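Protein chains: 2
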Amino acid sequence: METDILVIGGGPAGMVSAITARRYYPDKKIKLIRNVLNGCVPCGIPYMFYSLKDPTENKMGIAPLENNKIDVFVDEAISINRTQKTVTTVTGKSYGYKKLILALGSKPMVPPIPGIDKAGVYPVYKDMDFLLPSVQEVKKSKKVIVIGGGFIGVEFADEISKINGKEVVLIETLDRILANSFDKEFSQMAHEKLTARGVKVIVKQSVKEIIGKDRVEKVRLSSGEEIEADSIILGTGAVPTTKIAVDAGLAIGMGKGIWVDEYMRTTDPDIFAVGDCAGKRDFYTRKDTAVMLASTATAEARVAGANLYKLQVIRENKGTIAIYSTYVDGLIMGSAGLTEVTAKKENFDIVTGSSQTIDKHPGTLPGAHTINVKLIFSRKAGILLGGQVTGGPCCGELINIIGMAIQQRVSYTELETLQMATHPFVTAAPTMYPIVMAALDASKKI
Amino acid sequence: METDILVIGGGPAGMVSAITARRYYPDKKIKLIRNVLNGCVPCGIPYMFYSLKDPTENKMGIAPLENNKIDVFVDEAISINRTQKTVTTVTGKSYGYKKLILALGSKPMVPPIPGIDKAGVYPVYKDMDFLLPSVQEVKKSKKVIVIGGGFIGVEFADEISKINGKEVVLIETLDRILANSFDKEFSQMAHEKLTARGVKVIVKQSVKEIIGKDRVEKVRLSSGEEIEADSIILGTGAVPTTKIAVDAGLAIGMGKGIWVDEYMRTTDPDIFAVGDCAGKRDFYTRKDTAVMLASTATAEARVAGANLYKLQVIRENKGTIAIYSTYVDGLIMGSAGLTEVTAKKENFDIVTGSSQTIDKHPGTLPGAHTINVKLIFSRKAGILLGGQVTGGPCCGELINIIGMAIQQRVSYTELETLQMATHPFVTAAPTMYPIVMAALDASKKI
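Sequence lines, in order, name chains A and B. Counting with my numbering, you get residues 8 to 453 for the letters of the first sequence. Counting with my numbering, you get residues 8 to 453 for the letters of the second sequence.
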């Protein structure tokens with residue numbers, strides 16, 4: 008089967024690549040192969056347990072693809088022939104391409120713990136046909152252990168604890184949860200929120216063994232302590248899916264993803280890679296970085312989709328910043344760029360600034376929340392390197408203001424004199440605007 | 008009385024000037040003169056009728072000034088002697104200064120309508136001792152007319168209509184409400200919201216006469232129609248307070264405010280002017296512009312306060328953008344920079360892009376709102392000139408992302424490839440991020 012543009016992968020990276028390609032190349036034939044029949048909204052998976060009325064609401068349909076005249080095939084690519092420009096699938100079909108986009112995604116990391124293959128242990132696969140029965144099983148359990156205190160683990164623990172009668176334990180190897188994206192004081196807020204909900208948070212402990220007959224019954228920690236469990240959810244990270252790319256001779260970078268340039272081109276100029284399977288270089292250090300977020304994937308997909316035949320959409324914000332938000336018991340937490348810890352680890356000379364304000368003004372208006380903002384600046388260059396926020400619903404977009412500022416290399420003096428909109432019901436007072444106040448706090452120290 | 012830094016005015020501009028000066032000049036003596044005993048949060052005034060449990064909660068106290076060792080005097084400045092560097096007050100006192108900051112504010116415009124001085128007609132003075140009895144009076148009225156369909160008028164009409172049994176009429180001279188800050192389709196949304204609440208919105212009509220014995224009983228419109236009223240609120244704009252500056256020989260620019268340079272210095276290098284009393288130049292055209300917003304005032308105050316003795320905080324975003332948000336029956340509306348109408352009026356060659364998304368993903372999560380975004384770009388330069396948003400609570404900060412992008416002269420390609428944080432509960436899906444989608448829509452047309 009001949010086509011102009013072939014996309015492998017039906018997650019956000021694949022879908023957005025294909026739809027963007029359709030916008031920029033209206034006359035090309037576009038096909039998309041995906042290996043799951045029923046896809047899902049990846050970020051919505053934790054919320055299938057309780058917040059969504061019906062877990063099937065988290066389905067990601069193919070209507071946006073069909074509406075854009077993209078032919079969708081459920082199949083699995085097993086090899087690429089770069090000379091003939093064909094892709095072969097597990098069902099024995101062969102697809103010809105002019106331009107190929109690899110949006111292969113990632114697979115949940117399954118740590119080599121003895122007993123990990125027992126029934127009742129659930130890695131998080133992005134496939135509704137796997138997820139729906141898993142959710143039902145976990146809902147029947149009384150004692151649920153979540154392994155991994157990154158944002159996936161934290162969101163699962165928070166969500167499952169909303170179900171009446173559940174006993175949830177979250178286990179993290181490092182000395183605090185959310186350690187990769189937040190500084191200590193922010194991790195602490197999340198820790199307190201989870202604990203207040205009744206989640207037992209255990210840090211500095213790893214799971215040494217999963218014990219049970221066929222099904223999990225308990226886990227043994229590095230301390231020797233044993234904890235009972237009816238189900239275990241693994242929030243222990245993910246690894247890029249790259250096998251068919253490697254087999255085809257495409258380069259892997261210094262990290263684990265497929266090597267790509269700024270325009271998502273692999274070492275083969277007709278093959279692009281986007282999303283979790285593609286390598287990413289850090290915005291500041293140009294080192295390979297393991298950011299795997301749907302939002303990052305869609306940004307890359309837009310770059311690739313537009314630039315398949317000609318470089319049209321210039322990528323002006325070079326490199327990947329880690330930018331995301333999470334939710335713990337109603338507290339929104341956002342992080343963008345470097346934390347104080349990661350900046351110091353990379354040997355940046357920094358100053359930080361913090362602010363605490365209220366998201367309404369006067370703060371006595373009903374429904375007000377406290378906002379905390381921390382900004383990290385280069386001491387000498389003065390530019391913003393990173394930021395963290397916590398607070399109410401406004402923080403979902405407040406972190407994106409910080410993200411925009413990072414991508415535009417904004418300085419603390421620019422933030423001090425920022426012009427912003429404020430309104431009593433939806434923002435802090437203009438006299439106390441949190442990003443400005445944090446910039447002022449940093450500025451004092453420079 | 009000698010001082011180093013003298014601030015005249017106790018609103019947000021005056022307060023933030025004084026507090027910023029304290030941060031940057033810790034050893035200087037700072038005094039602040041204000042002409043009202045009990046100040047208020049200006050943006051909170053509409054919400055004294057219903058949303059604030061007690062209208063006195065809208066008081067703006069002087070604790071932040073006292074905490075920063077700023078001496079506060081309730082008095083009214085009546086003249087400046089620039090040779091002797093003194094300010095004389097209505098109580099006959101004389102204050103010496105090294106650096107003087109004029110934060111004189113603005114006064115509500117009272118249109119010359121026959122009968123405007125009758126009892127029951129309320130301009131909006133920013134003085135609690137005036138506002139508290141006015142709010143009580145209006146609350147006793149059954150029929151309330153609000154004159155002026157700008158954001159002040161719209162917020163008053165919306166808020167007062169929340170009180171049981173009130174009949175509220177909003178009267179606007181132009182052919183639609185919010186016409187200065189929003190394009191037609193956005194004005195329409197606000198219009199529908201107000202109408203659905205029971206507010207009668209009358210456009211293309213001006214008030215020709217206010218009729219009544221001593222107290223207002225009805226108004227006569229340009230059409231001849233008469234409408235009964237127990238109270239009238241004036242939302243008809245404001246004029247900068249500049250008399251003592253003019254009397255002292257300071258220049259007024261092409262507009263009505265005191266002329267200032269980029270660092271808020273007047274034609275006298277030791278006198279600064281900030282906030283509503285100071286002239287503003289448009290970010291795009293450098294024409295004088297009549298933006299009077301507390302948030303703009305605080306940005307100017309931070310520039311002035313830091314730069315009194317030495318230019319330390321460089322103002323990198325030159326010129327004023329109109330950026331603000333408002334609230335109509337739960338709908339948040341934000342505007343930044345030029346609208347399509349104002350851009351065309353100024354003869355910019357533009358393209359616009361629009362998007363409609365949901366502020367949660369999947370959109371079936373409880374509490375989801377529709378978001379509308381419109382962006383205005385220069386067709387040739389590709390840079391962002393303005394944007395408008397409506398939707399749920401996230402829009403309070405969504406408009407500030409657009410504001411940051413305008414101030415950084417971001418192009419549509421940069422927005423197309425923006426890296427942003429998304430989360431099911433607090434943002435649109437990454438595949439549908441509203442600012443990115445609107446940029447893509449514009450990009451198609453370029």
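Calculated from the structure, these hints are not laboratory results. Among the hints, a few may not be true.
The list cannot tell twin chains apart, which means a pair is met if one copy fits it or any two copies do.
No farther apart than 25 Å at their CA atoms in a straight line, the calculated lysine-lysine pairs in the DSS-like style are these [claimed, not checked]:
1. K191 with K211
2. K66 with K387
3. K387 with K325
4. K66 with K351
5. K452 with K317
6. K36 with K147
Here the structure is a predicted model, which means the values were calculated and not measured.
Worksheet item: Given a CA cutoff of 25 Å, do K452 and K317 count as a within-copy pair, a between-copy pair, both, or neither?
Response: between (47 Å within a copy, 18 Å between copies)
Item to complete: Pop the pair K66 and K351 into one bin, within, between, both or neither, using alpha-carbon distances up to 25 Å.
Response: Neither way: K66 and K351 sit 41 Å apart in one copy and 43 Å across, limit 25 Å.
Fill in: Within, between, both or neither, where K387 and K325 count as close if Cα-Cα is 25 Å or less
Answer is both: 21 Å inside a copy and 23 Å across each meet the 25 Å cutoff.
Fill in: Same-copy or cross-copy closeness of K66 to K387 [CA-CA at most 25 Å]
The answer is neither: 48 Å in one copy and 41 Å across copies each exceed 25 Å.
Worksheet item: Taking 25 Å as the upper bound on the Cα-Cα distance, should K191 and K211 be classified as within, between, both, or neither?
Response: Within one copy only: 14 Å inside a chain, 58 Å across chains, cut-off 25 Å.
Worksheet item: Checking K36 and K147: alpha-carbon separation at most 25 Å within a copy, between copies, both or neither?
Response: For K36 and K147, the Cα distance exceeds 25 Å both inside one copy (47 Å) and across copies (68 Å).
Taken one by one, the earlier hints fail for this structure at numbers 2, 4, 6, listed in ascending order.
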